[in-house]
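Novice: Use these hints to put chain R with the ligand onto chain X, whose structure you have.
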Amino acid sequence: MAELRYRRLQTLNRLPRLMGNHYLAARYLRYVRPVAWITSGAPVEIIRAMGILPVYPENYGALCGSRQAAGTLCQVAEARGYSRELCSYAKCNLGSLAEPRQAPLGGLPRPTVLVACNNICGTVTKWYQALARDLRVPLFLWDTPFSPGELTDGGVAYAAAQLREMVRFLERHTGHKLHQDRLNRVMDKSREASRLWSEIRLLGRHRPSPLNASDLFIAMAPIVVLRGTDQAIDFYRELKAELAGRVAKGEGALPVERYRLVWDNIAIWHKLLRFYGQFLDHRACFVADTYTGGWGTVMEGDDPLTALARTYTGVFLNRGLAYRASQMVELVRDFGAHGFVMHANRSCKPYTLFQYDIRRMVTEQTGVPGLVIEADMADPRSYAEEAVKTRIQAFMETLDG
Amino acid sequence: MFFAGVDIGSTAVKVVMLDQQGKVVGCETTRTGYRGAENAWHLLKGLLAAQTGVTPEVWGRQGGDPAKLPVRVVATGYGRHKLAQAHRQVSEITCHARGAYHLEPGTATVIDIGGQDSKVIRVAQGGTVLDFAMNDKCAAGTGRFLEVVAGALEENVDSLGRLAVASNQPVAISSTCTVFAESEVVSHIAAGSSKENIAAGLCLAVAERVAGMAGRIGVQPRVVMTGGVAHNRGVVRALATMLGLPVEVLPDPHLVGALGAALLARDAFANNQPKT
Ligand code: SF4
Numbered sequence: 022m023a024e025l026r027y028r029r030l031q032t033l034n035r036l037p038r039l040m041g042n043h044y045l046a047a048r049y050l051r052y053v054r055p056v057a058w059i060t061s062g063a064p065v066e067i068i069r070a071m072g073i074l075p076v077y078p079e080n081y082g083a084l085c086g087s088r089q090a091a092g093t094l095c096q097v098a099e100a101r102g103y104s105r106e107l108c109s110y111a112k113c114n115l116g117s118l119a120e121p122r123q124a125p126l127g128g129l130p131r132p133t134v135l136v137a138c139n140n141i142c143g144t145v146t147k148w149y150q151a152l153a154r155d156l157r158v159p160l161f162l163w164d165t166p167f168s169p170g171e172l173t174d175g176g177v178a179y180a181a182a183q184l185r186e187m188v189r190f191l192e193r194h195t196g197h198k199l200h201q202d203r204l205n206r207v208m209d210k211s212r213e214a215s216r217l218w219s220e221i222r223l224l225g226r227h228r229p230s231p232l233n234a235s236d237l238f239i240a241m242a243p244i245v246v247l248r249g250t251d252q253a254i255d256f257y258r259e260l261k262a263e264l265a266g267r268v269a270k271g272e273g274a275l276p277v278e279r280y281r282l283v284w285d286n287i288a289i290w291h292k293l294l295r296f297y298g299q300f301l302d303h304r305a306c307f308v309a310d311t312y313t314g315g316w317g318t319v320m321e322g323d324d325p326l327t328a329l330a331r332t333y334t335g336v337f338l339n340r341g342l343a344y345r346a347s348q349m350v351e352l353v354r355d356f357g358a359h360g361f362v363m364h365a366n367r368s369c370k371p372y373t374l375f376q377y378d379i380r381r382m383v384t385e386q387t388g389v390p391g392l393v394i395e396a397d398m399a400d401p402r403s404y405a406e407e408a409v410k411t412r413i414q415a416f417m418e419t420l421d422g
Numbered sequence: 057m058f059f060a061g062v063d064i065g066s067t068a069v070k071v072v073m074l075d076q077q078g079k080v081v082g083c084e085t086t087r088t089g090y091r092g093a094e095n096a097w098h099l100l101k102g103l104l105a106a107q108t109g110v111t112p113e114v115w116g117r118q119g120g121d122p123a124k125l126p127v128r129v130v131a132t133g134y135g136r137h138k139l140a141q142a143h144r145q146v147s148e149i150t151c152h153a154r155g156a157y158h159l160e161p162g163t164a165t166v167i168d169i170g171g172q173d174s175k176v177i178r179v180a181q182g183g184t185v186l187d188f189a190m191n192d193k194c195a196a197g198t199g200r201f202l203e204v205v206a207g208a209l210e211e212n213v214d215s216l217g218r219l220a221v222a223s224n225q226p227v228a229i230s231s232t233c234t235v236f237a238e239s240e241v242v243s244h245i246a247a248g249s250s251k252e253n254i255a256a257g258l259c260l261a262v263a264e265r266v267a268g269m270a271g272r273i274g275v276q277p278r279v280v281m282t283g284g285v286a287h288n289r290g291v292v293r294a295l296a297t298m299l300g301l302p303v304e305v306l307p308d309p310h311l312v313g314a315l316g317a318a319l320l321a322r323d324a325f326a327n328n329q330p331k332t
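Residue numbers (this note's numbering), protein chains in the order written: chain X, 22 to 422; chain R, 57 to 332.
Possibly wrong hints are sitting among the right ones.
A few chain X residues that face chain R, going by a derived Cβ cut-off under 8 angstroms, partial list only [stated by the list, open to error]: (1) P371; (2) T373; (3) T387; (4) E395; (5) P401; (6) Y404; (7) E407; (8) R412; (9) E418; (10) T419; (11) G422.
These are computed hints drawn from the structure, not numbers from a lab. The model shown is predicted, which means the values in this text are computed figures rather than measured ones. Ideal Cβ positions, reconstructed from N, Cα and C, are used throughout, including at glycine.
One chain only, chain X, in its complex shape (with noise of 0.2 angstroms):
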């Protein structure tokens, strides 16, 4: 097969500075101020308005699966008694805290304070409860009710609740105080962040679609740990006047899309470039995904606490199989998809639990055929290379008819 060389975007050459700067930021700014590890889906904008640092394991673990550190990483957490079973995520920083030597970064610095939201997953329960024990460190648990169907005004009301108990839990531990039109602020950047993000995901609509999921696996960096900062709007700007140039010249992410695909699951880190340039050879693209679009929800709202609560708690790996499926279902139709890979990821089991139903009512809505792929997406351990190949190729065949 002729060698497809794959057109790279050039704002991405930006990133290693930017999250670089980052992590430099949390490792020397921690004398001065304080630092609060937070799960992907906890209110970063009050953390941030407070003046402290926020730091994402959920973030280092996918850094040490690109950077091929996963697996040492999770074979010292497992050699310290935590299941083969439990998310790479949890082991990339239970392991690195064991082991900081073999650690990416030396592992992160430490925290002040813990900040979990089980809308995620329970996993970060039980994994946030285990570093609060381990690093002696007070945690916040916000509970935000899973909701099979639509946001109930109860719920919201909930869990808007507990942010109010969360503040004085900030306030009391950090000395930081919340002051309203700080939240304001970062709440209108964090707005804008997500409004930009979600306009670049839907220039995948263009045909050729400008953008391939690996590119926004790349981009997604700012929406999650800068979220609420003025450098995630300039990156994202920046970004979107790229695609727009590349729409505007009718240029593809591709050289030549014959296929267009929709991603679902969380990205293979260990083999970004590898994984998924095996369907470039077939000249197909990612044109969606359901994973960068759990960023791309713009707050609403005037009470800054409930715009919080009703954001953070609808967000879709929280909702039931109905509205997962509805999402999948949109985007095939909306992208003017051909297929779907779903990637069946061991270690999160909120994600994965659904999907055999999911993929059988998306092609019985739509049509078109799903490809489930079996892998972790930090642990390389849980990838068998020939039989992924085998499943991708007869897939393609399959839509090649």
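Specialist: Relative to chain X, chain R with the ligand alone:
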């Protein structure tokens, strides 16, 4: 011009050769071993020699340059990327669907249990693939599973099937892990269960895994079975019971993938010929 399908599986290499009219003019199998692709080339040379009268040594001296061969080759199976003489590589799923549909045009579902993989394939009119499911996590429910556990009974995959159909009370094998299942067999032997009943329990365990997989994509009649494990009557019977449908075993089921590959080689050649 001849057309060959070469299926380099994890256990065996299978080669089927067709003439221009699509008639099977030869087929060969051997163990894959360490040099699967070389073994395949060896078989292919033999078949070519038989058809052309040109000795295998001559084909060998030409180095097997695919451009110079009077045969179009499609390779499939795990070793498909290793065969230097292949003109094209196609996955086993597509090949089994094509081969099975050719032999039995009423085929709507193909169950193929191979060495490392088991697959359930929904086949469209014409023999193309509609949907498929493959074993996940590990080798439970594959030929390798049966091979290992048959070893514990000092039997092979085929004889295990013959024993199984004579059973009146299959034992329960609960572990899907091949190694743990083997030790379950050992404890059933120690507990005095008959060989027949243990064999039937093992066939049931494989059939259960495959039937579970079939449920994901839905099974439509007619159901045919391909792949080496189709020689095992115990598995076939257990599958039919579990699916509630007759399961037909195609003749020479282990060759169906190679046959499908050969047919695809012929299709591609026909499509590239100028229309007259
Ligand atoms: S289990 Fe899933 S949602 Fe929870 S931390 Fe791990 S990857 Fe994230």
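Novice: Are the hints correct? Go through all of them and say.
Specialist: So, going through the hints one by one against the coordinates:
| no. | hint | result |
| --- | --- | --- |
| 1 | P371 | 19 angstroms, violated |
| 2 | T373 | 11 angstroms, violated |
| 3 | T387 | 13 angstroms, violated |
| 4 | E395 | 5 angstroms, holds |
| 5 | P401 | 16 angstroms, violated |
| 6 | Y404 | 12 angstroms, violated |
| 7 | E407 | 6 angstroms, holds |
| 8 | R412 | 6 angstroms, holds |
| 9 | E418 | 5 angstroms, holds |
| 10 | T419 | 5 angstroms, holds |
| 11 | G422 | 6 angstroms, holds |
Hint violations for this structure: numbers 1, 2, 3, 5, 6, all remaining hints satisfied.
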